[in-house]
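Participant: If you read the sequences in order, they're chains F and Z.
Those letters in the first sequence? Residues 5 to 570, by my numbering.
Those letters in the second sequence? Residues 226 to 351, by my numbering.
Hints in this document: simulated from the structure, not taken from any laboratory.
In this text the structure is predicted, and so the values were computed from the model without any measurement.
Heads up, a few of these hints could be off.
What the hints assert, rightly or not - If we take Cβ atoms under 7 angstroms as the criterion, some of the chain Z residues that face chain F in the derived model are:
| hint | residue |
| --- | --- |
| 1 | Met253 |
| 2 | Ala255 |
| 3 | Asp257 |
| 4 | Glu261 |
| 5 | Ala272 |
| 6 | Ala281 |
| 7 | Pro286 |
| 8 | Val306 |
Claimed, not checked - Away from chain Z, derived, C-beta distances all over 10 angstroms, residues of chain F:
| hint | residue |
| --- | --- |
| 9 | Asn77 |
| 10 | Arg544 |
| 11 | Leu548 |
| 12 | Arg552 |
Claimed, not checked - Far from chain Z, by Cβ distances over 12 angstroms, these chain F residues were calculated:
| hint | residue |
| --- | --- |
| 13 | Glu70 |
| 14 | Ala81 |
| 15 | Lys120 |
| 16 | Ile159 |
| 17 | Gln312 |
| 18 | Glu481 |
Glycine residues also receive a C-beta, built at the ideal position from the N, C-alpha and C atoms.
Each chain, written out:
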Amino acid sequence: MTDFAAPKNLRTGAGQRADWRLMLLMASFCLCYAAVVLNMGLLAATDPTEPVIGDAASKGRPVRGEIIDRDGNLLAANLPAWSLYAHPHVMKDPIKVANALDRIFPDIDRETLLKKLTGQRRFAWIKRPVTPRERQLVHDLGFPGLHFGNREIRIYPAGHAMAHIVGSVRAEREDVRYTELTGSAGIEKHFDARLRAPELAGQPVRLALDLPVQQAVRAVLGDGMERLTAKGASAVLMKVRTGEVVSMVSLPDFDPNAKPIFFRGKAEDSPRFNRAAQGRYELGSTFKVLTAAMAIEAGVVNAETMIQTPSQLKYGRHRIGESHRMPAQMSVENIVVKSSNVGSAKLAMMLGTRRFKEYLEQLGMFDPSGLELAESAKAKPLLPPYWTDLSSMTISFGHGLAASPIHLAAAYATLANDGLRVRPTLLAGPQEPGERVFSKETSREMLRIMRQVAVRGTARRGDVPGFEIGGKTGTAEKIGARGGYDRNRVISTFASVFPTSDPEYVLIVSLDEPTDRSGRKPVRTAGRTAVPVAAEIVRRVTPLLDMRPRLAPVTEAPLTLNTGAE
Amino acid sequence: MLRHGLAMLALTIIAIAGWAYSVNYNTMTAFDRVRELRGQIAEEREALQVLRVEWAWLNAPDRLQRLTEQFASQLQLVPLVPDVLSHTAIVPFPEDPATTVEIAPVIDRSGLIPVPVSRPAAWRAE
Numbered sequence: 005m006t007d008f009a010a011p012k013n014l015r016t017g018a019g020q021r022a023d024w025r026l027m028l029l030m031a032s033f034c035l036c037y038a039a040v041v042l043n044m045g046l047l048a049a050t051d052p053t054e055p056v057i058g059d060a061a062s063k064g065r066p067v068r069g070e071i072i073d074r075d076g077n078l079l080a081a082n083l084p085a086w087s088l089y090a091h092p093h094v095m096k097d098p099i100k101v102a103n104a105l106d107r108i109f110p111d112i113d114r115e116t117l118l119k120k121l122t123g124q125r126r127f128a129w130i131k132r133p134v135t136p137r138e139r140q141l142v143h144d145l146g147f148p149g150l151h152f153g154n155r156e157i158r159i160y161p162a163g164h165a166m167a168h169i170v171g172s173v174r175a176e177r178e179d180v181r182y183t184e185l186t187g188s189a190g191i192e193k194h195f196d197a198r199l200r201a202p203e204l205a206g207q208p209v210r211l212a213l214d215l216p217v218q219q220a221v222r223a224v225l226g227d228g229m230e231r232l233t234a235k236g237a238s239a240v241l242m243k244v245r246t247g248e249v250v251s252m253v254s255l256p257d258f259d260p261n262a263k264p265i266f267f268r269g270k271a272e273d274s275p276r277f278n279r280a281a282q283g284r285y286e287l288g289s290t291f292k293v294l295t296a297a298m299a300i301e302a303g304v305v306n307a308e309t310m311i312q313t314p315s316q317l318k319y320g321r322h323r324i325g326e327s328h329r330m331p332a333q334m335s336v337e338n339i340v341v342k343s344s345n346v347g348s349a350k351l352a353m354m355l356g357t358r359r360f361k362e363y364l365e366q367l368g369m370f371d372p373s374g375l376e377l378a379e380s381a382k383a384k385p386l387l388p389p390y391w392t393d394l395s396s397m398t399i400s401f402g403h404g405l406a407a408s409p410i411h412l413a414a415a416y417a418t419l420a421n422d423g424l425r426v427r428p429t430l431l432a433g434p435q436e437p438g439e440r441v442f443s444k445e446t447s448r449e450m451l452r453i454m455r456q457v458a459v460r461g462t463a464r465r466g467d468v469p470g471f472e473i474g475g476k477t478g479t480a481e482k483i484g485a486r487g488g489y490d491r492n493r494v495i496s497t498f499a500s501v502f503p504t505s506d507p508e509y510v511l512i513v514s515l516d517e518p519t520d521r522s523g524r525k526p527v528r529t530a531g532r533t534a535v536p537v538a539a540e541i542v543r544r545v546t547p548l549l550d551m552r553p554r555l556a557p558v559t560e561a562p563l564t565l566n567t568g569a570e
Numbered sequence: 226m227l228r229h230g231l232a233m234l235a236l237t238i239i240a241i242a243g244w245a246y247s248v249n250y251n252t253m254t255a256f257d258r259v260r261e262l263r264g265q266i267a268e269e270r271e272a273l274q275v276l277r278v279e280w281a282w283l284n285a286p287d288r289l290q291r292l293t294e295q296f297a298s299q300l301q302l303v304p305l306v307p308d309v310l311s312h313t314a315i316v317p318f319p320e321d322p323a324t325t326v327e328i329a330p331v332i333d334r335s336g337l338i339p340v341p342v343s344r345p346a347a348w349r350a351e
């Protein structure tokens, strides 16, 4: 070994020994190179991996994003679950297995299970999803050939309250390792790509809705619906400044965690139908506020202008009448407060069909509402096929155009938001300010008139002290079975804004076929049906929305005065 | 001299080899431990998720409403309506200034306190 460091022998002492040393040296170099080449080959052949610090278990499977309300309450979440499958060919006694499984899962038909396990197939799903308890029971059986696959189940903790909003999912591409859930309705469908994006899995979708408010609205509306024996009901509570929908209820509703039950009957009577965003109804006199606002904005009248209001208005073969007696002439303010059909029709005529249509379009009455629900994209308002002057006259008091309560809420919010267009949204957070539809003066004037409706008009039962409610009632007769309007079947609506001095919320309450039987004669007008329900909603939700009554200054001396000194 | 140097070199190489060996094995056990901990974290996360969902489930508005109705006699809760809100100025505080100072900030910073008044819903009374 030491000779290695003294190579002078190489030159001088020729012979066998030197050759041998040279060979040894070359061999060792070859070995070294071979080792290097081998290592390089190995590196090239294997997959490049980092040292195993990161582990698959820590990252987990890609999960569907959660949905939360504005305060972070869970509305849709995932739970790990399992699906049970079998490899029948490794089973020793399939009949015994089938009997045992039948005892654990009473909902599985024993015959079909037996057929699955004794057939030729090498793979069979038995049940999905399986709860942890059932999984333990199957484990305890200890039969070979029974396996569990991973999957997720979607849970809607808010239950009925948010059923129409969150929507539903459906399992697609089921696999023993992973199941892909796809949105099939509501927010789940509209934001499906966003909820499935793996890079956004940790970030929930935050909605503008408020769960406690939603529950309160639902409870009050449900009570009202029951008391008035209505077929259905809907309510929309929207922030005036941002268009955020704080509450949207449609009754009857359903349990989103239960398996869908097949509904026999008309689609729009199904509990799954969202009356607030999907349903299109003639919203009746609530449109008079919009007509008056347009006429004032266009400058053809002001609130004090007197209009001749005969008891009947003839247009060709058609007649427009009033629901009750009206004075022979009325101011624009009184046309709204007393709800005159003839007066509204005259305002629409003074405005002209072209301008009337322009304003309606700017208020969003010609397009789907743009709400982030899969269903509302299809809910385009129903317009007359040929728009004549007569169409303008009837639409001026809410007949001939069917829109969803969300459309109406957005139009009222636009009017209350100093005339700047408000677009409804289910997502929390501010939006870009909309374009101007009405001037600030028109907005102020209409809010004052709407307040008068609650003070001395048809919505007197809706006045909750301290909240300055203003609005307009609407009682629209439904189209009867034999055509024409049916007097006994109405949709009664109350569209309101509160507080009128500084608008914060728009509330729309709509009842389908209500009847107030508390008096001697059954009453169906909105003033006796939708309005008291809306008032109760305001009373219940304002404390939850952190609103305090603005009390008028107390004129009488308080009972106790703390003067400190006597 | 050379022999000594070589011997030192050999010893150093052996020492370094020993050190490298131990570092290698320490790293491997550390990796194992990390993997184990990550597995535990994943398990805990899953448990957390289950508990979070269960919490939301137990606090479901339907369930809470059913329970408050069921235990209405013990709880004696009434819906929160604006009529139960008032101004602190109207509340007759005790005259002792010390107590007044003590109580006022504790009750409500916004100057409004809820007064427990049971009041039936307006339209039910009609």
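Participant: Please write out, lowest number first, the hints stated earlier that are contradicted by the structure.
Facilitator: Structure breaks hints 1, 2, 3, 4, 5, 9, 10, 11, 12, 13, 14 and 16.
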